[in-house]
Amino acid sequence: MLAYTARRIVYVVPIVISVALVCFLLVHITPGDPLVAVLPADASQELAAQLRAAYGFDRPLPVQFGLWLLRALHGDLGNSIATGRPVLAEVMRAVGNTVTLAIAAAIIGFTMGILLGLIAGYFRETWIDKVATSFAIAGVSVPHYWLGMVMVIIFSVQLNWLPAVGAGPNGSNSWAWDWAHLKYLVLPAITTSVIPMGIVTRTVRALTGDILSQDFVEALRAKGLHERGVFRHVIKNAAPTALAVMGLQLGYMLGGSILIETVFSWPGSGFLLNSAIFQRDLPLLQGTILILALFFVFLNLLVDIAQAAIDPRIKRG
Amino acid sequence: MLIKNKKTRAALIALLALGTAAAWPRVAAAETVLRIGMTAADIPRTLGQPDQGFEGNRFTGLTMYDALTGWDLSSADKASTVIPGLATEWKVDDADKTKWVFKLRPGVTFHDGSPFNADAVVWNVEKVLKQDAPQFDASQVGVTASRMPTLASAKKIDDMTVELTTKEPDSFLPINLTNLFMASPAKWQHFYDKAEGADAKAKSQAAWTAFAKDAAGTGPWKMASFTPRERLELVKNANYWDKARVPKIDKMVLLPMPEANARTAALLSGQVDWVEAPAPDALPELKQRGFKLYANEQPHVWPWQFSRIEGSPWNDIRVRKAANLCVDREGLKDGLLAGLMVPATGTFEPGHPWRGKPTFEIKYDKVAAQKLMQEAGFGPNKKLVVKTQTSASGSGQMQPLAMNEYLQQALAECYFDVKLDVIEWNTLFTNWRRGAKDPSANGSNATNVTYAAMDPFFALVRFLQSGMAPPVSNNWGFINDPKFDELVKKARQTFDPAARDAALAELHAASVDDAAFLYVAHDVGPRAMSPKVTGVVQPKSWFIDFSPVSIAQ
Numbered sequence: 465m466l467a468y469t470a471r472r473i474v475y476v477v478p479i480v481i482s483v484a485l486v487c488f489l490l491v492h493i494t495p496g497d498p499l500v501a502v503l504p505a506d507a508s509q510e511l512a513a514q515l516r517a518a519y520g521f522d523r524p525l526p527v528q529f530g531l532w533l534l535r536a537l538h539g540d541l542g543n544s545i546a547t548g549r550p551v552l553a554e555v556m557r558a559v560g561n562t563v564t565l566a567i568a569a570a571i572i573g574f575t576m577g578i579l580l581g582l583i584a585g586y587f588r589e590t591w592i593d594k595v596a597t598s599f600a601i602a603g604v605s606v607p608h609y610w611l612g613m614v615m616v617i618i619f620s621v622q623l624n625w626l627p628a629v630g631a632g633p634n635g636s637n638s639w640a641w642d643w644a645h646l647k648y649l650v651l652p653a654i655t656t657s658v659i660p661m662g663i664v665t666r667t668v669r670a671l672t673g674d675i676l677s678q679d680f681v682e683a684l685r686a687k688g689l690h691e692r693g694v695f696r697h698v699i700k701n702a703a704p705t706a707l708a709v710m711g712l713q714l715g716y717m718l719g720g721s722i723l724i725e726t727v728f729s730w731p732g733s734g735f736l737l738n739s740a741i742f743q744r745d746l747p748l749l750q751g752t753i754l755i756l757a758l759f760f761v762f763l764n765l766l767v768d769i770a771q772a773a774i775d776p777r778i779k780r781g
Numbered sequence: 010m011l012i013k014n015k016k017t018r019a020a021l022i023a024l025l026a027l028g029t030a031a032a033w034p035r036v037a038a039a040e041t042v043l044r045i046g047m048t049a050a051d052i053p054r055t056l057g058q059p060d061q062g063f064e065g066n067r068f069t070g071l072t073m074y075d076a077l078t079g080w081d082l083s084s085a086d087k088a089s090t091v092i093p094g095l096a097t098e099w100k101v102d103d104a105d106k107t108k109w110v111f112k113l114r115p116g117v118t119f120h121d122g123s124p125f126n127a128d129a130v131v132w133n134v135e136k137v138l139k140q141d142a143p144q145f146d147a148s149q150v151g152v153t154a155s156r157m158p159t160l161a162s163a164k165k166i167d168d169m170t171v172e173l174t175t176k177e178p179d180s181f182l183p184i185n186l187t188n189l190f191m192a193s194p195a196k197w198q199h200f201y202d203k204a205e206g207a208d209a210k211a212k213s214q215a216a217w218t219a220f221a222k223d224a225a226g227t228g229p230w231k232m233a234s235f236t237p238r239e240r241l242e243l244v245k246n247a248n249y250w251d252k253a254r255v256p257k258i259d260k261m262v263l264l265p266m267p268e269a270n271a272r273t274a275a276l277l278s279g280q281v282d283w284v285e286a287p288a289p290d291a292l293p294e295l296k297q298r299g300f301k302l303y304a305n306e307q308p309h310v311w312p313w314q315f316s317r318i319e320g321s322p323w324n325d326i327r328v329r330k331a332a333n334l335c336v337d338r339e340g341l342k343d344g345l346l347a348g349l350m351v352p353a354t355g356t357f358e359p360g361h362p363w364r365g366k367p368t369f370e371i372k373y374d375k376v377a378a379q380k381l382m383q384e385a386g387f388g389p390n391k392k393l394v395v396k397t398q399t400s401a402s403g404s405g406q407m408q409p410l411a412m413n414e415y416l417q418q419a420l421a422e423c424y425f426d427v428k429l430d431v432i433e434w435n436t437l438f439t440n441w442r443r444g445a446k447d448p449s450a451n452g453s454n455a456t457n458v459t460y461a462a463m464d465p466f467f468a469l470v471r472f473l474q475s476g477m478a479p480p481v482s483n484n485w486g487f488i489n490d491p492k493f494d495e496l497v498k499k500a501r502q503t504f505d506p507a508a509r510d511a512a513l514a515e516l517h518a519a520s521v522d523d524a525a526f527l528y529v530a531h532d533v534g535p536r537a538m539s540p541k542v543t544g545v546v547q548p549k550s551w552f553i554d555f556s557p558v559s560i561a562q
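The listed protein sequences derive, respectively, from chains E and R. Its first residue numbered 465, the first sequence is counted upward by one per residue in my numbering. Its first residue numbered 10, the second sequence is counted upward by one per residue in my numbering.
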């Protein structure tokens with residue numbers, strides 16, 4: 465297991481460097497001026513050159529990348545052009561908000577998904593299965609930003625039960641797990657949860673149905689094992705695949721959703737990415753993409769290791 | 010339960026009355042809070058020179074800070090003009106027109122209690138102009154220097170008098186100075202002394218970062234708390250030097266909400282009291298539910314800026330005039346834009362001091378437009394192909410695609426065949442600086458970039474003066490007309506304010522007579538708010554004064 469883990473960690477290194485290179489190049493090869501956020505439209509060439517030098521954009525691209533990577537390794541992703549604040553602090557704060565949202569959405573989505581998947585799998589081809597499957601299909605089919613807007617219209621504008629936007633009441637500068645803050649989380653979390661809920665439902669349903677039709681289940685039942693025991697075997701066999709799917713979904717959620725976070729003005733990484741794109745704030749854009757990509761890579765690493773720990777066949781593979 | 014004993018009943022009533030009376034002061038003293046949903050995705054920078062264009066100046070500039078000169082925002086009917094701010098009077102040197110003397114307002118203090126004086130003015134000028142000054146901050150230069158392009162230096166004469174020097178004689182300086190906000194040097198120095206850093210530059214940067222979180226200006230609002238990207242809370246400055254402009258509301262909360270539907274939902278659900286630019290299709294519902302809508306002509310122009318390089322079809326004035334006469338701007342306003350525009354007949358409209366008396370009347374006259382095109386050699390069987398570069402969205406661009414398609418259809422009736430080259434907003438903005446001759450223009454002979462028309466340089470000079478052609482500034486089309494150059498020089502070197510305004514009016518009238526642009530619309534800065542909000546005056550400006558606003562709790 466230790467060798468497998470070490471091997472997987474070594475694999476991550478080139479991926480991380482490639483991710484860094486791609487996200488650095490992506491924002492540099494797009495047309496437009498990287499200083500557009502601070503450089504007024506009528507800026508003189510002298511002023512433009514002065515600022516370009518101040519931000520280091522006058523250096524050759526490989527030098528810029530080298531310096532950027534070196535600083536990044538020391539935890540310095542530079543300062544946002546638009547705000548002058550350190551990128552790392554900006555991104556980590558936003559990531560914190562996205563993690564809060566992702567955790568809430570994961571709790572809702574995975575719980576519902578596993579529950580509906582198991583029910584549908586156990587009662588395949590019955591009306592119960594059809595209802596659960598319909599939920600799953602609706603979850604992955606409905607545009608989530610549209611669902612968000614509909615929920616805002618119903619629960620905020622019409623019923624006035626929950627706030628429409630924001631991440632906490634006035635005067636609150638940090639997140640707290642109390643109702644005053646949680647009510648801001650309800651609508652964005654439900655909206656974020658619908659896709660993972662649908663995907664997990666379908667995955668668990670398929671796995672459960674497949675496992676229940678296998679010979680070893682018949683054998684277990686024939687041996688007189690009670691249904692609770694059979695259920696435990698089903699869970700254990702379904703877990704690695706379900707875990708991988710949930711890990712991937714969690715990765716997507718931790719990446720933040722530009723659409724959902726913008727609809728709800730939730731100050732997470734998607735919202736930050738949106739701002740960085742619109743302000744053409746290159747250091748912020750690069751930093752946000754890099755950290756989100758790293759999140760994704762390391763989350764996959766954790767999922768792979770967890771899968772291997774649960775299912776020894778994976779290590780051998 | 011009935012209380013039968015009269016004495017007991019009387020005593021209880023008296024007690025109740027006393028209790029109610031005792032509660033009155035608490036009710037009366039309840040804090041009044043105004044919550045505003047901005048269109049910005051982030052709180053504009055708070056350190057004295059805001060980013061995010063004039064929305065930044067509106068919310069974190071003019072609230073917490075003052076400049077030497079300010080804008081009169083008290084009227085919804087007349088154009089906003091420059092008035093004294095932290096300077097009470099100013100005068101250009103008769104012998105050397107590059108030197109200005111500003112008399113400072115006595116008795117003004119920054120929010121941290123330190124005095125506002127000539128040293129503070131010099132310090133603030135040097136924060137963006139003097140590269141070797143400890144407080145120099147490159148990040149504030151971009152949003153400042155180009156708005157006062159001729160300012161060179163500042164010198165203290167005495168505690169309450171300061172001398173500013175320009176690179177060349179420039180009568181626009183007092184107007185440009187509305188953009189230089191005065192931050193507290195004492196507060197910055199406090200942070201600088203506390204900052205830990207390897208060198209002065211690092212300490213300076215740390216001091217500005219700390220200052221942005223705990224800012225001090227002289228404005229009517231003081232920073233109370235700041236959560237980047239989420240919320241800025243401002244409280245009223247009860248000691249504000251202009252007693253008439255001490256805010257009526259205790260606290261103002263600014264919330265970034267870049268999505269129009271989210272802003273509108275927040276207003277409808279009572280989460281905020283005021284939103285900038287509500288979703289246009291929600292206007293009927295907002296009206297129906299009793300929300301108040303405000304809109305007024307802004308110093309803003311939505312134009313096509315013509316290429317005037319060799320071979321451009323717009324070099325024929327008949328073609329330029331025909332395009333200006335072929336657009337039904339009222340139809341555009343009432344149909345596509347649901348009333349949220351003012352038809353443009355130039356950069357400035359009648360009533361503005363810089364309007365002048367153009368002889369070419371920009372209006373909808375399709376017959377006259379067709380006649381001009383026929384005189385220029387075009388007709389139903391020989392259409393003039395013109396290409397315009399535009400964006401799908403962008404700050405101030407209103408509804409660029411839909412509006413350009415409207416123009417495309419309108420101009421087709423006057424024998425134009427309009428091709429649109431739609432590119433991303435920031436790229437269009439960058440290309441604007443590169444000019445019509447640059448490959449990035451992609452063969453376009455017009456560009457559609459909206460512009461602010463607050464001051465003469467931004468409104469006229471940068472487009473009309475030949476020396477402002479790329480790469481210097483925004484004369485994208487390379488207009489090279491000696492008459493414009495002469496009028497710009499005249500306006501810049503006329504120092505009596507009334508005579509300067511007259512010279513600017515002459516320049517503007519000449520530009521309209523030349524049909525220098527296809528003038529289409531002015532934005533109206535729509536905002537919607539709760540019926541609880543009163544005292545709002547929406548001036549003909551990008552800005553608004555929050556001081557007279559009240560809110561019922």
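The set of hints was computed from the structure by calculation and includes no laboratory data. A portion of the hints provided could be inaccurate.
No more than 30 Å apart at the CA atoms, straight line, and that leaves these computed lysine-lysine pairs for BS3-like [to be verified]:
1) E:K647 - R:K396
2) R:K301 - R:K330
3) R:K499 - R:K446
4) E:K687 - E:K700
5) E:K647 - R:K366
6) E:K647 - R:K428
7) E:K647 - R:K222
8) E:K647 - R:K260
Going down the list of hints, with the structure as the test:
1. Among the hinted pairs, E:K647 with R:K396 is inconsistent with the structure: their alpha-carbon atoms are about 51 Å apart, more than 30 Å.
2. Simply put, R:K301 and R:K330 have alpha-carbon atoms about 39 Å apart, too far for the 30 Å limit, and the pair is violated.
3. For a cut-off of 30 Å, the pair hint linking R:K499 to R:K446 stands: about 29 Å separates their Cα positions.
4. In summary, the hint linking E:K687 to E:K700 is supported, as the alpha carbons are separated by about 19 Å, within the 30 Å threshold.
5. Of the pairs offered as hints, the one joining E:K647 and R:K366 is violated, with about 59 Å between alpha carbons and a cut-off of 30 Å exceeded.
6. A threshold of 30 Å between alpha carbons decides the hint, and for E:K647 with R:K428 the separation of about 50 Å lies outside it, so the pair is violated.
7. For the given pair, E:K647 sits about 28 Å from R:K222 by alpha-carbon distance, which is consistent with the 30 Å threshold.
8. For the given pair, E:K647 sits about 24 Å from R:K260 by alpha-carbon distance, which is consistent with the 30 Å threshold.
Checked against the numbered hints above, the structure violates hints 1, 2, 5 and 6; every other hint is satisfied.
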